[in-house]
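Protein chains: 2
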Amino acid sequence: MGATGAIITDREDKEVEATVRDVVKRFGGSFEIESGKPWRRAVREWKDVGGVVAHLTAYGLPLPKVVDEMRQSGRDILVVVGSEKMPGEVFKLADWNVSVTNQPMSEVAALAVFLDWFNQHKEFDLDFPDAEVQIIPSGDQKRIRQTK
Amino acid sequence: MGATGAIITDREDKEVEATVRDVVKRFGGSFEIESGKPWRRAVREWKDVGGVVAHLTAYGLPLPKVVDEMRQSGRDILVVVGSEKMPGEVFKLADWNVSVTNQPMSEVAALAVFLDWFNQHKEFDLDFPDAEVQIIPSGDQKRIRQTK
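Top line first, the protein sequences correspond to chains A and B. For what it's worth, my numbering labels the leading residue of the first sequence as 57, then goes sequentially. For what it's worth, my numbering labels the leading residue of the second sequence as 57, then goes sequentially.
This is chain A alone, in the form it adopts within the complex:
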């Protein structure tokens, strides 16, 4: 969806890392993945090099109201989503607390909708360099092009 990488915090998971790297190898692009870093350190290191932080939460300000300001900031954004209840501290550390509707929903779903808005739908036209396989869109079957 146009993200350049992901950090899984607080739990090292080499299996997920390997799976993601394998998908990137096959489908191209340069998506980065790491895991295991404590979440506070991930946020601090991000901010230390000039990045900003967005926290996706049903309690936040509506995505349509803040997304243009976020994009126009021109900064590298770390989007924080929780797999479980988030510590209240995250609200304070975040530069933006953003809601994808104010109803409970899947975190990964909220992240995808956020990226679609943030990237202004350009992720539908991205090229993924060095792919081994490419899907050829089809109305009725699976079509794949082997490129290597």
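These are computed hints drawn from the structure, not numbers from a lab. Note that the Cβ used here is the ideal one computed from N, Cα and C, for glycine as well. There may be inaccurate statements among the hints.
Listed next, the stretches of chain B that the computed footprint assigns to chain A, with coverage defined by at least 3 CB atoms under 8 Å from CB atoms of chain A [stated by the list, open to error]:
| # | region |
| --- | --- |
| 1 | 101-108 |
| 2 | 116-123 |
| 3 | 126-133 |
| 4 | 142-154 |
| 5 | 168-177 |
According to the in silico footprint, chain B covers these stretches of chain A (three or more CB under 8 Å from chain B) [claimed, not checked]:
| # | region |
| --- | --- |
| 6 | 127-136 |
| 7 | 145-154 |
| 8 | 163-171 |
| 9 | 175-186 |
The calculated DSSO-like cross-link candidates involving lysine-lysine, where the alpha carbons are at most 30 Å apart (straight line), are [said to hold, decoys possible]:
| # | chain 1 | residue 1 | chain 2 | residue 2 |
| --- | --- | --- | --- | --- |
| 10 | B | 178 | B | 198 |
| 11 | A | 141 | A | 121 |
| 12 | B | 103 | A | 141 |
| 13 | A | 198 | B | 204 |
| 14 | B | 198 | A | 103 |
| 15 | A | 141 | B | 121 |
| 16 | A | 121 | B | 178 |
| 17 | A | 121 | A | 103 |
| 18 | A | 141 | B | 81 |
| 19 | B | 198 | A | 121 |
| 20 | A | 178 | B | 103 |
| 21 | B | 70 | B | 81 |
| 22 | B | 141 | A | 178 |
| 23 | A | 121 | B | 70 |
| 24 | B | 178 | A | 141 |
| 25 | B | 103 | B | 70 |
| 26 | B | 198 | A | 93 |
| 27 | A | 198 | B | 141 |
| 28 | A | 70 | A | 103 |
| 29 | B | 198 | A | 198 |
| 30 | B | 198 | A | 148 |
| 31 | B | 93 | A | 81 |
Let chain A serve as the given structure and place chain B on it in line with the hints.
Frame of chain A; chain B shown alone:
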């Protein structure tokens, strides 16, 4: 995200049903949930009453190219997503095979992006009648209104 209900096929899960109904009771609206029906029967019953079927798959036609036609059909749409590898038969049964990018991605994420496009972002302004609690959007804290 504007869907009116969900059917979990082939596996009955009363716990998920209860959780979803509890969320609906607290946050309002009339979202319906059922589980356990074989998937072919769910599709057949949907079609028998005049509904149409969309299958979300990375192999399908790009969402931006087909979503207007789908909306303009004015029909009730069953959106099929798989938690595991889908039988090829689904491609043939579907009225539309639709891709949310042609890269591998989370099914629930694809579903959310689909609904956002299909509903033309109106799900951000939906009212959810009979809610017990409502979230008040905030830039820096959790704010909830008890309505009952």
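- Assess, step by step, whether the Cα of residue 178 of chain B is no farther than 30 Å from the Cα of residue 198 of chain B, and give holds or violated. Roughly 24 Å separates the two Cα atoms, so the pair holds.
- Query: Are the Cα positions of residue 178 of chain A and residue 103 of chain B separated by 30 Å at most?
  - Reply: Violated, at about 34 Å.
- Verify the proposed pairing of residue 121 of chain A with residue 70 of chain B, using a straight-line Cα cut of 30 Å. violated (38 Å)
- Query: Is the hinted pair residue 70 of chain B and residue 81 of chain B satisfied, with a Cα-Cα distance of at most 30 Å?
  - Reply: Given pair residue 70 of chain B, residue 81 of chain B holds - Cα atoms ~16 Å apart, limit 30 Å.
- Within a Cα-Cα threshold of 30 Å, do residue 198 of chain A and residue 141 of chain B meet the stated pairing? holds (12 Å)
- Item | 30 Å Cα cutoff - pair residue 93 of chain B, residue 81 of chain A | violated (38 Å)
- Message: Against the 30 Å threshold, does the CA-CA distance of residue 121 of chain A and residue 178 of chain B hold or violate the hint?
- Response: Since the Cα atoms of residue 121 of chain A and residue 178 of chain B sit roughly 14 Å apart, the hinted pair holds (cutoff 30 Å).
- Verify the coverage statement for the region 163-171 of chain A against chain B, using a C-beta to C-beta distance below 8 Å and requiring 3 or more qualifying residues. holds (count 6)
- Query: Keeping to a limit of 30 Å between CA atoms, is the pair of residue 198 of chain B and residue 198 of chain A held or broken?
  - Reply: violated (45 Å)
- Query: For the pair supplied as a hint, residue 198 of chain B and residue 148 of chain A, is the alpha-carbon distance within the 30 Å limit?
  - Reply: holds (11 Å)
- Is residue 141 of chain B close enough to residue 178 of chain A, meaning Cα to Cα at most 30 Å? Status holds; Cα separation ~27 Å.
- In terms of beta carbon proximity below 8 Å, does the region 127-136 of chain A have 3 or more residues touching chain B? violated (count 0)
In this structure, the hints that do not hold are numbers 1, 3, 6, 12, 13, 15, 20, 23, 29 and 31, in rising order.
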